[in-house]
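Residues in the sequence shown are numbered from 1 upward in steps of one, following UniProt numbering.
There's no promise every hint is true.
Beta-carbon label-pair distances, calculated as ranges [as the list claims (entries may be wrong)]: (1) 26 / 5: 19 to 27 Å; (2) 2 / 25: 14 to 22 Å; (3) 34 / 5: 17 to 25 Å; (4) 3 / 23: 36 to 44 Å; (5) 4 / 29: 22 to 30 Å; (6) 24 / 3: 39 to 47 Å; (7) 8 / 29: 33 to 41 Å; (8) 13 / 39: 34 to 42 Å; (9) 1 / 22: 28 to 36 Å; (10) 6 / 32: 33 to 41 Å; (11) 3 / 44: 26 to 34 Å; (12) 25 / 3: 34 to 42 Å; (13) 30 / 4: 18 to 26 Å.
Simulated from the structure, these hints should not be mistaken for lab results. Model, not experiment: these values are computed from the prediction. Even for Gly, the Cβ is constructed at its ideal location relative to N, Cα and C.
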Amino acid sequence: MKQAHINFVRVGEFAWSAMEPQEGEFHFEWLRQAVRRRNGITSQL
1 MKQAHINFVR VGEFAWSAME PQEGEFHFEW LRQAVRRRNG ITSQL
């Protein structure tokens with residue numbers, strides 16, 4: 001994405017089923033990893 005001059009992405013907006021697979025059970029680790037690896041790209045959650 002950086003090579004394509006993309007500097008802003010929206011992350012996770014259609015991923016609620018991955019973040020809360022069962023009611024009251026939350027999994028955010030995959031999202032944390034994605035934000036950590038942003039490599040100079042701004043991310044909006």
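Checked hints:
1. At roughly 34 Å, the beta-carbon separation of residue 26 and residue 5 lies outside the given 19 to 27 Å, and the hint is violated.
2. Between residue 2 and residue 25 the CB atoms are about 34 Å apart, so this pair departs from the stated range of 14 to 22 Å.
3. Taking 17 to 25 Å as the suggested C-beta distance range, the pair residue 34 and residue 5 conforms, at roughly 20 Å.
4. Our hint of 36 to 44 Å for residue 3 and residue 23 holds, since their Cβ atoms are close to 41 Å apart.
5. In this structure the hint that residue 4 and residue 29 lie 22 to 30 Å apart at CB holds, the actual value being about 27 Å.
6. Take residue 24 and residue 3: their Cβ atoms lie about 41 Å apart, and the range 39 to 47 Å holds.
7. Look at residue 8 against residue 29: about 23 Å separates their beta carbons, and that is not inside 33 to 41 Å.
8. Evaluation of the 34 to 42 Å hint for residue 13 and residue 39 yields a failure: the beta carbon distance comes to about 20 Å.
9. A C-beta distance of roughly 32 Å is found between residue 1 and residue 22, which places it inside the suggested range of 28 to 36 Å.
10. A hinted range of 33 to 41 Å for the beta carbons of residue 6 and residue 32 is inconsistent with their spacing of about 21 Å.
11. Taking the beta carbon of each, residue 3 and residue 44 are about 21 Å apart, not inside 26 to 34 Å as hinted.
12. In this structure the hint that residue 25 and residue 3 lie 34 to 42 Å apart at CB holds, the actual value being about 38 Å.
13. Checking the proposed 18 to 26 Å range against residue 30 and residue 4 shows it holds: the Cβ atoms sit about 23 Å from each other.
Going down the numbered hints, you'll see the structure goes against 1, 2, 7, 8, 10, 11, while the others check out.
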